[in-house]
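Residues 7 to 393 (my numbering) make up the sequence shown, in order.
Don't take each hint at face value.
To be verified - Here are the simulated EDC-like cross-link-like pairs (lysine to aspartate or glutamate), alpha carbons at most 20 Å apart as the crow flies:
(1) K378 x D132
(2) K266 x D155
(3) K266 x D169
(4) K263 x D169
(5) K378 x E287
For the record, the hints were derived by calculation from the structure and aren't laboratory data.
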Amino acid sequence: MALLSLATIRRLLGPHRPPCLSLLMPTHRRVPARIVDRHQFRHLVDDLEADLEFSESLGETRRLLEPFRRLQSDAEFWEHTLDGLVMFGSDGTAEVFCVQYDLPPLAVVRTRFHTMPLVRAFSEIDRFDLLALTSRQGRVYSGTLQGLDPVDLETGCVHGGIDRWDLIDQESIEPHRVRASLGQGRTLHGGYRDKQEGIDADTERFFREVDRIVDERVSRVSGRPLILVALAEQAAVFRRGSRNALLLDEGVHRDPKPLKPADFPLLVEPIFAASRQRRIERLLDRYEAAFSHGRASGDPAGIARAVVAGRVATLLVEADRYEEGIFDRASGAIRWGEGLEPRSGVELAGDLFGILAEEVLLHGGEVVSLEKSAVPGENGLAAIERF
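I would like the entire structure built from these sequences, with the hints used as guidance.
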């Protein structure tokens, strides 16, 4: 199972050897609802098989579906799902992602992967990461104010964290000495001062290692704001050595040890809400400044042409708005409304805005999904172009 990130989505959007198999479905976290998940997965794989039989030999069909059938029989995997499952397969290999949001059941065989729901989800502005830190333990959670899930600081996947004793040699004569850091074989050693001084120094080293791991394996992957929950004194020490550009200045000064994951959203709601509003205001200020210089637009036709030319730096999309339309990937020409009929070189899409978002990501831009009232203009789409 791989970690889903914006970089991963961009890679999936790129060319792959066809046929490209995409399977998406909702999953459940608990029994008895979870019992149906494997059955639904099997039926979706059967749908992929039926599609492949029209164009591939029996042997090739079996080869392409082998990773899907293997996952189908992995009982342990189905005990640790979240809210949605995504699996992409090509040339006999596949990648699996468990996600924190619902997905529609879908199994399609095309010349490219169906990433639209992931693009939509990753453009949401309502997600954040949270670091619960004590002098003995660091744990990261990710999600929304409606719920957070633990993220493994070792792998970036769900469940787990870093304990101080992963870094401290408990069998040493001086148990407060740092033994080794995580990753790339790096080794740290404590000093030979008195024990209390050594513990303080080792705490700082532990915090620096937690900061490095969270920055490299979580923040740079998710691109989301990070909220710190820690006692005030420990928070000050952590912030002093932190290099995480996404760590918010505001945090919660509480000992996270007695807290449950369900307690965190209420504690951080004012902090995240203020951070979210500031981000929206910065985006709108950028849009207004760019618009005054002719580098921003709310006209979908002009935006589509700028998208295929790679000129869009930031695309603002109205959340939960779907427009059926025709899109020409070569020229950027679009149409929507009544009586749409695709012709050679163009495609009829049920989510025209989603296709434009995919193209922006392919060209290295960012996509932000906002509520209707925050998107400039009346068309549900706005773009800021590059300099």
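Checked hints:
Only pairs whose Cα atoms come within 20 Å are accepted, and K378 paired with D132 is accepted, the gap being roughly 14 Å. Note on K266 and D155: the hinted pairing holds, with a Cα-Cα distance of about 11 Å set against a maximum of 20 Å. This hinted pair checks out: K266 and D169 have alpha carbons roughly 17 Å apart, not beyond 20 Å. Distance restraint check for K263 and D169: the Cα-Cα separation of roughly 12 Å lies within the 20 Å cut-off, and the hinted pair is therefore satisfied.
Our distance criterion of 20 Å between C-alpha atoms is met by K378 and E287, whose separation comes to about 15 Å.
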